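Protein chains: 2
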Amino acid sequence: MTSFTGEVRIVGAGLLGTSIGLALTKQGIDVAISSKSTKSVDLAVSYGAGRAVREDDSPKLIVVCVPPQLTAQIVAEELIAFPDAIVTDVASVKAGILAELERLAAPIERYVGSHPMAGRERGGAIAGRADLFVGRPWVITPNAKSDAAGIKLVADLANALESSVVTVSPKDHDRAVALVSHVPQLVSSLLAARLVDAKNDDVALAGQGLRDTTRIAASDPDLWIQILEANSAEVLQVLESLSADLATVIGALHNLDSEKSIAQLRHALEAGNIGVEKIPGKHGTKHSTYAQIIVMIDDQPGELARLLTEVGEIGINLEELKLEHSPSAQIGLVELYVVPSAEAALIADLQKRGWRIA
Amino acid sequence: MTSFTGEVRIVGAGLLGTSIGLALTKQGIDVAISSKSTKSVDLAVSYGAGRAVREDDSPKLIVVCVPPQLTAQIVAEELIAFPDAIVTDVASVKAGILAELERLAAPIERYVGSHPMAGRERGGAIAGRADLFVGRPWVITPNAKSDAAGIKLVADLANALESSVVTVSPKDHDRAVALVSHVPQLVSSLLAARLVDAKNDDVALAGQGLRDTTRIAASDPDLWIQILEANSAEVLQVLESLSADLATVIGALHNLDSEKSIAQLRHALEAGNIGVEKIPGKHGTKHSTYAQIIVMIDDQPGELARLLTEVGEIGINLEELKLEHSPSAQIGLVELYVVPSAEAALIADLQKRGWRIA
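Those protein sequence lines, which keep their order, are chains X and V. Mapping of the first sequence onto numbering that gives the first Met the number 0: position 324 corresponds to residue 323, and the numbering continues sequentially without gaps. Mapping of the second sequence onto numbering that gives the first Met the number 0: position 154 corresponds to residue 153, and the numbering continues sequentially without gaps.
Because the hints were derived from the structure by calculation, they are not lab data. Just so you know, these numbers come straight off a predicted model, no measurement behind them. Just so you know, not all the hints are guaranteed correct.
Only part of the chain V face toward chain X is listed, based on derived beta-carbon distances under 8 angstroms [to be verified]:
#, residue
1, W223
2, S242
3, L245
4, E269
5, A270
6, V275
7, G301
8, A357
Note that beta-carbon positions come from the ideal geometry of N, C-alpha and C, so glycine has one too.
Excised from the complex, chain X in its bound form (with noise of 0.2 angstroms):
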């Protein structure tokens, strides 16, 4: 499965350092884990994500979990104390870190950035999970030195976790995430600021809609404020391109009697849906590139397992599927969505077999 092997020294025994070394040592891979806390190494260790460091560790590989802060010292430190060991780290914005460690006059020719696009709203070794990255995007953002060994090494380390390795260079890596993390963290935080001095009766109302867009508004401030300094240049673009929207749905909205007004609210409106549909794999819509069918099946056990098997005898590939089930309902509806030229056949063959279209 995959080719990495090699010993592995993590440096920082929080979430992603925990995370990396739970599912490399479930792997047989041998790991060191450093951190400044005696405590966490611990815990870590304890926790079955490697092992303490030793005199003699001569690792082939060094990825450095520290804050974002910190993470171009650390970087920096390590190329030095282990010359023939390939660095990268997991830091969420990249132009900066490259910049310190080139004004350091680091060895970054054995530097590769990385960005692992996973996390949980819990912090700490405690919050560690072999799974972590799990078919999550781990961006590599290599500088224009990085050995291509060293670029093949932790793009193995990220086959090795089961991520999907993206290859970007460090501005695009940081103008990528000011937009689909560093706005949504901001914005999630403003929304749910309007709280603080609302009135407990009116909170109580909150449904599912408010829960999700103010979820990330839980993070730590402390991090946060790391992530929007290193990257303040882009997340500025977004947000600045944001304001002017928000200013024109205000002006709407004190004007509802123009016919402008409704037109830029429909406008706004449309625009998230459009915005939204972009997003790979979003749960809950309808992607717009797929065909669905709609097929009733009987709501007995078995019935959902026959109508797979026979969609793939018919051989199409189903690009997602959805069955929603209502307890009280006589029929289930299952959802399959496939590419619009498969669409006409499968409903045929469907059709054929017996099964109900609706």
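Given the structure of chain X, go ahead and fit chain V onto it with the hints provided.
Coordinates of chain V only, in the frame set by chain X:
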């Protein structure tokens, strides 16, 4: 369990009408479904949400489940057509509907406004589910003339659907939903709109944070324009305070060298922490009634059918199922939803059979 009895008429066979019909039919209550769309009625009826209307229908309670802009007119018509019935509705904004009914000189003694705080970003009869209201607030907004017996009947309906009844004035309701529903909707739309012109490679880095904060941006613009128009004054209050805080954050990011800027960023993030803590039951999962089990399957044909066949053999009923197909992942993550009492046994049995549980 419930003291609710008698014939119910539901006008409108969308998500809410169908869901109410499913839940009441399950309890043996006679439900007649009326809609201008015969196709919707057919789907709702075959789904098990009730029966078509008859000449001699004599409902005790009528639930109007049509778009907000039509609600006052339809409520008025139903009050006149069925002079012995209590009429409620499910629209998201309440003060304007009452004002319109007063203008129409409708017999509002028999009208009691409702707003069940439940929904999905998907609409239509197909999205209906009997448990949509379980554990959710059901807001009742009586008017000054509402009969006490009518208020009790609507509360009985909410209780029969296992909602928690909250009684407030139409004005208090509208202020609360601006905060917990209407502004989160607009903010989510504005955030998702940032993705419209973004590079696909950037959006591909999206994690769960972006997915959660933008989920409701998939909502129906037509519906939301009606809601925002009807509640613009309350929405503007919240939106303008958010806009002011956004301006402060933008100013701080432009001027990071100042200590005051860091304090402002910290204040914004900490206010988000405090706000989110105020939401009751914020740790609840999306489907509070079901347990979620994530099974990792190899991304090859037949694996899902094999899993479902084995779940069938184990004899546990799936309440819901989702499969996300990630183009770059070597594994698929199947989400199984079961009643909580079945969770432990299903996990144990699946693991014994060699399935990997995430």
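Which of the numbered hints are not met once you compare them with the structure shown?
-> Those not satisfied: there are none.
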